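Hints given; two lone chains; assemble the complex.
Listed here are the chains, written in short residue letters.
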Amino acid sequence: MALQPERHVLVVFPHPDDEAFGVSGTISTYVNQGTPVTYACLTLGEMGRNLGNPPFATRETLPLVRKKELIASCEAMGVTDLRMMGLRDKTVEFEDDEKMVQMMTDLIDELNPSLIITFYPNYAVHPDHEATARAVVRAVRRMPVEQRPKLHAVAFANNTGEGLGEPDIVNNIRDVREQKLGSMRAHISQTAWMLEENEKRLEAGEPEAENWLTYERFFSYRWHEDFEEQF
Amino acid sequence: MEIVQIEKLQQLLNSFANKDVYIHLETTNGAYASHFNEKVFNAGAFIRNVKLQYELGKVTADVPHRVGLKMAHGWVYAQGITHYEIDEQNRLLMAGHDYDGKLAVALEISETPFTY
Chain A
48 MALQPERHVL VVFPHPDDEA FGVSGTISTY VNQGTPVTYA CLTLGEMGRN LGNPPFATRE
108 TLPLVRKKEL IASCEAMGVT DLRMMGLRDK TVEFEDDEKM VQMMTDLIDE LNPSLIITFY
168 PNYAVHPDHE ATARAVVRAV RRMPVEQRPK LHAVAFANNT GEGLGEPDIV NNIRDVREQK
228 LGSMRAHISQ TAWMLEENEK RLEAGEPEAE NWLTYERFFS YRWHEDFEEQ F
Chain B
265 MEIVQIEKLQ QLLNSFANKD VYIHLETTNG AYASHFNEKV FNAGAFIRNV KLQYELGKVT
325 ADVPHRVGLK MAHGWVYAQG ITHYEIDEQN RLLMAGHDYD GKLAVALEIS ETPFTY
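So the protein lines, in turn, are chains A and B.
Numbering-wise (this note's numbering), the first sequence opens with residue 48 and increments by one.
Numbering-wise (this note's numbering), the second sequence opens with residue 265 and increments by one.
Worth flagging that the hints you see were computed from the coordinates, not collected in a lab.
Values in this document were obtained by computation on a predicted structure and should not be read as measured data.
Glycine included, every Cβ here is placed at the ideal spot set by N, Cα and C.
Mixed in with the good hints there might be a few duds.
Claimed, not checked - If the Cβ cut is set under 8 Å, some of the chain B residues that face chain A in the computed set are:
# : residue
1 : Y296
2 : K366
3 : Y380
For reference, chain B alone in the conformation it holds in the complex (with noise of 0.2 Å):
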């Protein structure tokens, strides 16, 4: 993956508006958050193969960056990508890496379903 590039993704995500695409969305501060700390409170969310079509993608300026995707009736967003890049099947995967190279955040969408 690349450090995000703003014009090229937001090409990217331009290319895959009003279309029926697969999304990936994931946000985790991992499964040991409250083991380590007890005083971390552990939330996540992961969506995976749900179809969508979006009408207008943005990446905003600010690093780590903002994706968000306006729906007919409807919103998805994700905060915190730092990386990003159009993989061997043609899918575009956004990830957010934290400080010790750890996924925080992933946005991935894609024309075919992703894997289980």
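If we strip away everything but chain A, and leave its shape as in the complex, we get (with noise of 0.2 Å):
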């Protein structure tokens, strides 16, 4: 499926491993059409804690072991600019908020993105998936109306069906179901378990095993509905 053309798409996630299960099909999608894509991970998922038992890891080796999870996933995927944040895994939220919008509009300034694909507010359950998703929603909400990218966001708290409804983006992904694999499975210390499940639900015929192979879903972000009124 091809997707609507963009002059640059820019993702920001928290995460090594963020984009891997809602959205590494519709980044390869968009690279596989020639759009620029630019992924801004903020941390290297320092406090992960699937460590596995015996540990392949150590709290001290895991960023080393998911900045190469990262990397490859990129090269999945075949995004080239791949941008470490460095900030450190569950502290987002407690950083200044003004830096971290500062932050976004640099990126924003920086790369000019005519789409822009992160969390959305309140509908993230991770502290720091919420903290990622206002500063963009914050950095975005600075720009003059005309000017602002479009946000897709994802969404996936166990009330988004009840606070947002449907999701109105669906990408059908299954032509890059390789590339989207290849994702998952880069980042193997995180998706191990997941990608297990799946395979013995593929092969007991059920049909939601394909469904994450086939769709992506993304919400617009819905500025009549601001989740603040100001920052």
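See the structure below:
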């Protein structure tokens, strides 16, 4: 499926692997179409809990493992502009809020994206996801309405249906499923259990197992229902 | 990392006693705990690169182990320690991994600061 052409796509997530499950097919599709894609990843997932038992890494070596995985995921998707922003996992919400907005504004000023993909504020579950989403929305809100890039946001909180209804953007990514699987496999330290579970479901012929290899869903950010009045 | 061997770990704890050391201590049940189960009360704590001296460090025999550090004016302890290692930078890394292979607790001791 061809996606609507974009000038430049900016993807902003806090953790290596945040892109894998829900967005890597869409990213791969843009890359294959020749759209420039920049992936800004705020942390290296330093505080990840999947260390195995027996453990395959320590708290101190995990960032190096995940950095390699992030680079491998970008290779699988074809992303050549990866920015590692140097924050620490689980601390994003405690950074200075204005500094966070400025980080996003700097990326937008430099790259002039026509589309930004990130999380949806208040529907993103993890505190780092929420802090990232807030910073992106705030940076875009400061721009004149006619110059704002589109915002496609990932929402997966348990109350997403109640609050946001159905996603308005549904990308069919079947054609790039191998690239998506490549991204998932690249983040093997984090996705091993999910991939294993999915293999079983595929073998059992469960239709949901096909689902995430076929569709990726986003909500256009609703400026008329902004998550805060101002910042 | 290796499964805790009490005598070896005790010797290592002794080797860092009465020195300025940097501590990493964390306990967590994961950022998604109450997303997956709304009845879970999600709590945790994290300290990194706090400098201190302890006069007595002790690992208990119970499995998983508890490790306590007695300071001149206070205490540090961690519960649920299963694994340990001395890494290539001579830091004592201890961690507790649960039955699913997820880290539940970590206590690390180093004479030099940990990275950011």
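Query raised in the report: Minimum Cβ distance from K366 (chain B) to chain A below 8 Å?
Result: holds, 4 Å
Query raised in the report: Would the stated hint for Y296 (chain B) survive a check requiring a Cβ distance to chain A of less than 8 Å?
Result: holds, 7 Å
Query raised in the report: Given Y380 (chain B) as an interface hint, is the shortest Cβ-Cβ distance to chain A below 8 Å?
Result: holds, 6 Å
Hint compliance for this structure: every hint is met.
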